[in-house]
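A.B. asks: Chain by chain, the residues run as shown.
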Amino acid sequence: MSGKKLEPFTVVSIIGVSFAVLACAIPFWMIISGSFTSETELATTGYSLFPAAFDLTAYKMIFTGPAVLDAYFASVFITVVGTALSLAVTSGLSWVIARRLPGISRPLTVFAYLPMLFSGGLVPLYLLVTQYLKLQNSYFSVILPLLVMPFLVFVQVSAFRQLPESIFESAKIDGAGELRIFFTIAIPLSKPILAVVGLFYAVHYWNDWFMALLFIDDVHKFPLPLVLQNLISNISFTQMLPQLAEAATPVYQLRLALTAVTIGPILLAYPFAQRYFVKGITLGATKG
Amino acid sequence: MSTLQTRQEPQTRPPSGPPGRRRARRGPVRTSWTIGLLALPAVVFFLVFNYLPMAGLVVAFKQFDVNLGIFDSPWNGLENFAYFLESGDAARILFNTLFLNILFLIATLAAGMILAIMLNEIRSTFFKRVSQSVVFFPYFVSPVVISIILQVLLAGASGGGGAVNDALGGLGFPAVDWYTEPGPWPWILTVVKVWQLGGYLSVIFLAAITGIPEEVYEAGMIDGASRAQMAWRITLPLLKPTAAVLLVLGVGRIFYGDFGTIYAIVGDNGTLFDSTDVIDTYVFRALRQLGDFGTTAAVGLFQSVVGFILVLIAVLIQRKYSKETSIL
Amino acid sequence: MSHHIMSRRRLLATGGGLSLAALLAACSDDSQKPQSTGGAASGGALALSLLLPGDLPAGWDPVLAEVNKKLQADLGFTIKPQFIPWTSYGQQALLKFTAGEKFDTALQARWLNMTQLAASGSIVELSSLLSSGKYPNLAATIDPKIIELNRWSGKLYGLPQINSVARFHHFSIRQDLAEKLGMSDITDFAGLEKFWYDVKQKNKDIIPIGVSSRMPKLLVAWNPVGWLNPYMWDNPTMSIASFTGDSLNFVLAADGKQTGSSNPIPWWEAPGMVDALRKIRKYYQDGLINKNALTLDTKALDSQFKAGRVASSWAMTDGLSSTALPELTKNVPGAMIANVMPLKGGESAKPYQTFQSDNFVVLNAKGQSNEKAMQLQDWVSIKENHDLLNYGIAGKDWNPIGEDKYEKLSTYTFPGFALAWRAKLERRVKDMTESETKWFDWAQDINNFTIDPYASFVPDPEPIKRENTQVTAAMTQFANPLFIGAVDVDQGLDKLKKALDRAGLAKVQAEMAKQADAYLKGQ
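Chains as they are written, first to last, in my numbering: chain L, 1 to 288; chain A, 1 to 328; chain D, 1 to 523.
Bound conformation, chain L alone (with noise of 0.2 Å):
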C-alpha cells in the first residue's frame, strides 16, 4: 500500500481543515492577545495581534473581584455532578428509546421531544422551584432543570442504534438480563458517544448562569458564568441609568479577557473527552 502517497481528496482536507483552523485560530488569537491589551489600545484599533501595550487591568479585576474562588468551586460542582448525573440519565432513556421497544420506545420519543417545543415559561418553573422543592442557593437548582437535554437524548439514541444488534441477541441467548447488557455491552461499546454528549453537558453546566441568576441569590455561590454575566451585563444597560462615579473599566479588555476566563477550563479538560473520539477515527486513516 502506498501509505504516504497523499491522494487528491486527502490534500483538499488538509487545505479545508487548514482554513478552518485559521478561521478560528486568529479570532481566538485576537481575543487573547486582546485581554493583555491596554483598554486605550483597544478603544483606538479594536482588536491587536499582538498585545503593543501590556496590561492585565482586566485579569485584575476579574480575579480580585468578590468571590471568584468560591465561583470556580461552584462552576465545578454544578459541571462535575451535573455531567454525571445527566449522562446517566440520559443513557438510561437513550436505550429504552434505542431499543425500539413496542409500546414503550415510539410514546418515550414522542414524550422526550415535546419539552423540546413547548415550555410553561419562566414563572412556572421559577414557582416549582423555588416554592415548591425550596432548592434556592442550592446547586441542586441550577443542575436539575437542566437535567435532560431532549437534543442529546437524541444524538445518543441515533448513536445507540448504530451498534451492531447481533452482539445483543447473542448476549440475550446467553442468558443476559437487559440491565446487564446496557451496562455491560451497551455503555462499553459507546464510549465515543458517551464522550461527546458528556463533552456537550459539561459545556451547557459549565456556561449556563441563567439557572444560576433565577434560584441562587447567595453572592458567595454564584457559579463562575453569573459571575462574569454581571460583569459584561454591567457594562452596556440604558440611558435612563444614572451613571456612577465608578472607577475606569476597561470595556473592550474585560470582556476579552472574560472569554478567555470561560474558555481555559473547557479547553484544559477538552483532550480527555477527545481521547475517546478521536481513537476510533485514526484507523480508518491511518491504514490508508
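The set of hints was computed from the structure by calculation and includes no laboratory data.
Any given hint might turn out to be false.
[Said to hold, decoys possible] Cut-off 30 Å, straight-line C-alpha distance, at most; resulting in silico cross-link-like pairs (DSS-like, lysine-lysine):
id	chain 1	residue 1	chain 2	residue 2
1	D	K80	L	K134
2	D	K405	L	K60
3	L	K60	D	K430
4	L	K191	A	K240
5	D	K200	D	K80
6	L	K60	D	K80
7	D	K366	L	K134
[To be verified] Over 10 Å on every C-beta distance to chain A, these chain L residues come out as not near it, computed from the model:
id	residue
8	E7
9	T10
10	C24
11	A25
12	F50
13	A53
14	T57
15	L69
16	Y72
17	V80
18	Q136
19	E178
20	F182
[Claimed, not checked] Across the chosen pairs, the derived CB separations fall in these ranges:
id	chain 1	residue 1	chain 2	residue 2	range
21	L	F140	A	D72	25 to 33 Å
22	L	E169	A	R123	35 to 43 Å
23	L	D174	A	G260	48 to 56 Å
24	L	L163	A	S226	47 to 55 Å
25	A	L78	D	A518	26 to 34 Å
26	A	D72	L	D174	54 to 62 Å
27	D	S410	A	A163	37 to 45 Å
28	D	G287	L	L268	53 to 61 Å
29	L	F183	A	R92	23 to 31 Å
In this text, all values refer to a predicted model and were calculated from it rather than measured experimentally.
Idealized CB from N, CA, C, for every residue including glycine.
Given the coordinates of chain L, assemble chains A and D onto it according to the supplied hints.
C.D. replies: The following block gives chains A and D in isolation, referenced to the frame of chain L:
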C-alpha cells in the same frame, strides 16, 4: 390476556429494517419491566421540570396581572396572540424567521458534516487533535464578543472604515456602510452561525464516524476505491441517520430565532430589520417595556405549535422516504 | 409479561396525572393562603430583603457588616440585599413580584415596570406612611415639592431617588480641542456645530459627536430638549409625553391649562423637528456622527471618549462627567473636559422641567414589614449612614473633603439610586470641573426651571397595549435610523408615518388626548 394481543400488534407491520432488528422487536417483551427502570429517572425529570410547568401556558390566554399571578389573572381569550399576528410586520417577520433559520440549519449541518469528513482524512494525530480543539472553540465565544469582532471587521473600532472595507478598497471596490445596509446580513449572520456551530456539530459527526467498522473501509480499499470515493460512498451515507436526526430536531425549533446571537449583533439597529428581524427579537423589543408574561407566553405557544406542526410534517416525510433514519 | 408494560405505563400515566392535578391545585390556592417562603421569620432577627441592580460592589462585605451592625443597634433589624445583573433586572424583579416573594424594597421606574405594578396594587401607596411623621430624616432630605411632582394622579408609589433636583442632558466636550481651535467658550448650538466641523477637519481620528445605540431617541424629540435639536435648545418649552419610554413621543399643547385641551401631535408635526432631522442627516453624511451609532453600546462609547477618540459626548446634570477626567488625561496628556449647555439665555433660560425622578424605591405590598422598610429609607437619609452606603468605609474606600466633597480611594461603587440617593446629601467628586460645577449647581435649584404644565402626567398604556407595542416596534425600526441621520429624511419620515399608521397611531393619539385632557381637568 387480551392486552397481550393488542400489545404485540406492532409486530405485524411490514418489517423495514434488517432481519436482526425485527427480531429485536420481539425479544425485549420478556424483560421490558427492568428496562423501564432505565428510563424512569428521565421520565420523572420530564414530568416535574417540563410537563408540570406547562400548566403555566394558561397565562397565554389571560390578561396578566402581577398581583394575581399567572393562575388567577382573568381570562382574555386570544387577545394576547392578536398583537403579534395582527401587526403589519407579521408576514415579514415570519418570513425572516423561516428563511434565516433554514439557512442556519442547512449551512451549519453541512459545515459540521464536511468538517468532520475532512478531519477524518487528516493523518497526523497531532494536527487532528489541535485542529479539532480549535474549531470547537468558537462555540464558547459569547455573542457580545462576536458582535465586537464583527464591528471591528465591518465598521472599524470607531465607526469608520473597518478591515473588510479596507480590503474592498484595496481591490478597488467602494466601501460599504455595512451597518445600514440590510441586504448582506442574512449571509453575514449565516457565516457567523457556521463559525459558531460548525466545529461543535462536527464533533457529533466525528463520533458517528468512529462507529463505522474498520472492515467497511478495508473492503472499499480492496475494491480500489479512492479516498474521495470512500468518503462519498461509505462515510457520507453512514452519517445520514445522524444528520437526519439533527435536521428533524432543528426543524422543530425553526420558529425560534437565534435570539442571543442576532440580538447581540443587530440589537436595535432598525436599518437592518428588513432582513434580520425574527419573532424573538421583535417580541423582545415590543414587550421589554411592558413586562407582560401573558403576551410573551402567547408568542411562545404560537412558535411551539407551528414548530410542532412542522416537525410532524418532517417526520412524515422522513418516514416515507427513509424509514431507517426516522427518529420515531 | 406484557401486562407488565401496561401496568407500568398505566402507573406512570395515572401518577403523572395525579401529581399534575396536585400541583395545579397547590398553585391555584397558593395566592390565597399566606405562606412564608424564604426571607427571615418575623419576630426575632428580621432581615429586610432588598432588590438592587448591578454587580456586587468591590469590598461590599465589610460595608454590609458595618451597615448591619449600625442598623441592628439603631433600629433592631438588618438588611439582606440581592444584587441582580442589569440586563436581567427588569425581568427578575417582575418575576419576584409575580411569584409573590416577600422582599421589602426594590428599584422601580417608569422605564421598568412601575406603572404596571402600581396598577395591580403590587406596590404600596406611600402617602399615609410618609405623612405619619415617623420619618423625619426622610422628610428633611427629599424636597416636598419633588414629592408632590412625583405623585401620579395624586398617588405616591415610590420614593424618588435623585442626586440633583433637575435632570437636564447636555454635552461634555473636549475643552483642550476647543481651545486649540480657538473656541474656549462655547455657549450655544451654533458654537458646538462649528466645533464639530473644525474637529472633523483638523483631527481625522476623532469622532466629533459620539452616539451610542441607546441614544437615538434622545436626539430630536425628547423631554426636556432633543439633544441635537437646535430649535428646542432655543425654545426649551415643549411638553412631551409617551406611553412607554421607547414608544412614540407626542408634543402636547402649551396652552392646555387655559384651553383644557392637550391636543397631542406626533413629534414631527411640532416646530423645528424636521429641520433638526435634516441637520442631523447632514452631520451624518459629513462624518460628524459615528457610523455605527445604532450598534455601539454606551460603555464602549464611554471607553472611546476616555481614550480620546470622541470630541463630545452625552452628559447629564448628575455631576459625573468629570469622573472621566483621570482616565482621559492618562491617555491624552493635557486633555480637558467642559460641560456645555447650549440653552439660549444660558442659566436664565428657565427651561421646562417635569422633575420626574428616573428612579424610585418602591415597597412590596407583600413585603415583610412596610413600616421597617420606611424606617430603612429614613435611616439612609441620615448623612453618616448615607455616606457609609454610598461611598463605603471612610478612610478605606473614600476620604471626605469638607462637608460636600469626597475623594475615591477604592473601586467601591454602590447603586445609590436604588436605595439611598438624597440630593441634599450627595457629595461631589473632588475634581469636578468648573463648568460642571456651574451646571450642577444650576440644576439644584427648582427656581431655575419652569414646571412643565404636564409635569406629573403619567399616561397608562393598558387601554392601548397592543397598538403601543406595535408603535414601539415601528419607532425602533424607522425612527431611530432617522434620528441619527442614517437615512434620507423625506423617505425615512414617509416610511415611519406609514408604519405608525398601520400600527394604530390614530388610536394611540386619541387615547393620549383623552388621558392628557383628563389630567388637565384634574389639575
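A.B. asks: Do the alpha carbons of L/K60 and D/K80 lie within 30 Å of each other, as the hint requires?
C.D. replies: It holds: about 28 Å lies between the C-alpha atoms, which stays within 30 Å.
A.B. asks: Minimum C-beta separation from L/F50 to chain A exceeding 10 Å: can you confirm that?
C.D. replies: Check passes; 16 Å lies beyond 10 Å.
A.B. asks: Has the given pair, L/K191 with A/K240, been kept, meaning a C-alpha gap of at most 30 Å?
C.D. replies: OK: L/K191 and A/K240 at ~21 Å, within 30 Å.
A.B. asks: Tell me if the beta carbons of L/F140 and A/D72 are separated by a distance inside 25 to 33 Å.
C.D. replies: 29 Å, holds
A.B. asks: For L/E169 and A/R123, compare the CB-CB distance with the range 35 to 43 Å and indicate the outcome.
C.D. replies: Holds - the Cβ-Cβ distance for L/E169 and A/R123, about 36 Å, lies within 35 to 43 Å.
A.B. asks: Confirm or reject: L/T57 is not an interface residue toward chain A, with every Cβ-Cβ distance exceeding 10 Å.
C.D. replies: Non-interface label on L/T57 holds, nearest chain A Cβ at 17 Å vs cutoff 10 Å.
A.B. asks: Could you check that no beta carbon of chain A comes within 10 Å of the beta carbon of L/A25?
C.D. replies: Non-interface label fails for L/A25: nearest chain A Cβ at 5 Å, not farther than 10 Å.
A.B. asks: Is the distance from the Cβ of A/L78 to the Cβ of D/A518 consistent with 26 to 34 Å?
C.D. replies: About 30 Å separates the Cβ atoms of A/L78 and D/A518, which means 26 to 34 Å holds.
A.B. asks: Would L/E178 pass as off the interface with chain A, using Cβ distances and a cut of 10 Å?
C.D. replies: 4 Å, violated
A.B. asks: Measuring Cβ to Cβ, find out whether L/L69 lies farther than 10 Å from everything in chain A.
C.D. replies: 21 Å, holds
A.B. asks: Would the least Cβ to Cβ distance between L/F182 and chain A come out above 10 Å?
C.D. replies: Not fine: 6 Å to the nearest Cβ puts L/F182 too close to chain A.
A.B. asks: L/Y72: least C-beta distance to chain A exceeds 10 Å?
C.D. replies: Correct as stated: the minimum Cβ-Cβ distance to chain A is 16 Å, above 10 Å.
Of the numbered hints stated above, those contradicted by the structure are hints 5, 8, 9, 10, 11, 19, 20, 24, 28, 29, listed in ascending order.
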